[in-house]
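A.B. asks: Single-letter residue listing:
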Amino acid sequence: MSLDLPGFADPVTGAQSCFRAVLEAMSRPGLVLEAGAGLTPPAPLDPATGAVLLTLIDADTALHIDPAGEAARDWIVFHTTPRDAAQAEADFTLALSLPKLASLPAGTDDEPQLGATVILQVAGFGTGALFELAGPGLATPRRLRIAGLPDDFAAQWAANHGLFPRGVDLILCAGTQLAALPRSLRISHVMEG
Amino acid sequence: MNGYNFAYLDEQTKRMIRRSLLKAVAIPGHQIPFGSREMPLPYGWGTGGIQVTAAVLGADDTLKVIDQGADDTTNAVSIRRFFARTAGVATTTHTAEATIIQTRHRIPEEPLREDQIIVYQVPQPEPLSKLEPSRAETKRMHGLSEYGLMHVKLYEDITRYGHVSISYDYPVMVNGRYLMAPSPIPAFDNPKMDMMPALQLFGAGREKRLYAVPPYTKVASLDFDDHPFRTTRAPQVCGLCGSGVSYLDEVVTDDKGGRLFVCSDTDYCETRRAEGHAGTELAA
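Going down the list, the protein sequences come from chains A and B.
Quick note: the first sequence, position 159, residue 159 per my numbering, numbers continuous.
So the mapping is simple: my numbering equals the position in the second sequence, first residue as 1, plus 1000.
Take these hints with a grain of salt, some might be off.
[Unchecked claim] Pulled a few chain A residues facing chain B out of the computed Cβ check, cut under 7 Å:
no.: 1; residue: PHE8
no.: 2; residue: ALA9
no.: 3; residue: GLN16
no.: 4; residue: MET26
no.: 5; residue: LEU56
no.: 6; residue: ASP58
no.: 7; residue: PRO105
no.: 8; residue: ASP109
no.: 9; residue: ASP110
no.: 10; residue: PRO112
no.: 11; residue: LEU138
no.: 12; residue: HIS161
no.: 13; residue: LEU163
no.: 14; residue: ARG183
Hints in this document: simulated from the structure, not taken from any laboratory.
Every value quoted in this text rests on a predicted model; they were computed, and no experiment measured them.
All residues carry an ideal CB built from backbone N, CA and C; glycine is no exception.
Could you put the whole structure together from the sequences, leaning on the hints where they help?
C.D. replies: Encoded structure:
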């Protein structure tokens, strides 16, 4: 029963240190940072995924939970009390495989901040397809291997980036690591995994 | 610390600000509305900056607060003491030792690093506010990236005065997309924002807006090809440390026309004096 599992041992410092990791990751796209060490969220969530949820979600946010993450729903709802929402209306989507980016809210030209944030659990960093990232936050392009993204990810991302300033932002989590891909980023696919 | 949550704000407020900050970083230069709280000091004293700092600050951070470059003015001292009391964090006046620098109207002379965050206190986040009073209109103009009005203002300045007459809060384009108010820093500081290694966060408490410039992001001061942006500084050298490159404050010293020019960045000036540099005032 996933409800037995605790959240952060210390909610204040746990959320603060996880937020700083996410902020740093969003500011320096593709940088892989540690988050959620010591946290024991229920399967199928990794510690970093659980930590990001505990840090950003509360009663003021509409969260869509991917059916593959259903087993963790009780734990998420108990600790964060989100509003449940369909994917097309959710502020945040928790996903275990990449949803079609074009099906998510992208905000409006006047209020692009209403674009969704996807908390996406991937298989890992350092293995898998190789991507080259460029844009704000990067003095020079950075290369990152991500395992667990669909083959058409670069094409989906190009469409998402093309909407700028509208668009969706990704927080990628794997194990106790996370990285972020803000909509301002240009991504090119360099090599298969 | 007794009686307060860490860094004063409750956790739900911090989450709300944190979510807004992430979107602000993802959309460089775009103003994001947030539920600005009442703080135990009045609007205009840095409530926006304080709320952003409170949402970001951790127990292992070292905080520096400056007001017009100085660590020892009322605003800087009270905000530094506020966080020392409500968060128990270490504070410093040395730019190099700080992990978070909250600032009112200056960027330190010493270049900032990747492991630092600078938080600006912003009185008016809307760069178009003096040209178009309607918030609904300016929002639309940002949505359309329609900034002709600002170019006309600069053009009219040039035809009237021969140069752009904005000396502080000089408008910038961020990442080639959003017109942004850099807060009332002197135009002298604008070039420091361009491709800065540190993350830059901006908070406007009364206006309830926050925005951000990620590290290594293009920040261009608005200008024309035939009237390029130029920084200005008083032609003097600092009377205390002799610096000929820092931004200077003019201090009236008596009622007989006596004047002293000193660095506005007190830490920069003190560091230079400790290194043995001396201006004319000290040598005399």
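A.B. asks: Against each hint, give a clear statement of whether it holds in the structure.
C.D. replies: Hint check:
1. PHE8: 11 Å, violated
2. ALA9: At 14 Å from the nearest chain B Cβ, A/ALA9 fails the 7 Å test, so the hint is violated.
3. GLN16: Holds: closest Cβ of chain B sits about 5 Å from A/GLN16, inside 7 Å.
4. MET26: 5 Å, holds
5. LEU56: 6 Å, holds
6. ASP58: 5 Å, holds
7. PRO105: It is violated, given that the least Cβ distance between A/PRO105 and chain B is near 12 Å, above 7 Å.
8. ASP109: 4 Å, holds
9. ASP110: For A/ASP110, the interface hint holds, since the closest Cβ of chain B sits about 4 Å away, which is under 7 Å.
10. PRO112: Because about 5 Å separates A/PRO112 from the closest Cβ in chain B, which is inside the 7 Å limit, the hint holds.
11. LEU138: Result: holds, 6 Å to nearest chain B Cβ.
12. HIS161: Not OK, violated: A/HIS161 not within 7 Å of chain B, min 11 Å.
13. LEU163: Not OK, violated: A/LEU163 not within 7 Å of chain B, min 11 Å.
14. ARG183: 5 Å, holds
The earlier numbered hints that this structure contradicts are 1, 2, 7, 12, 13.
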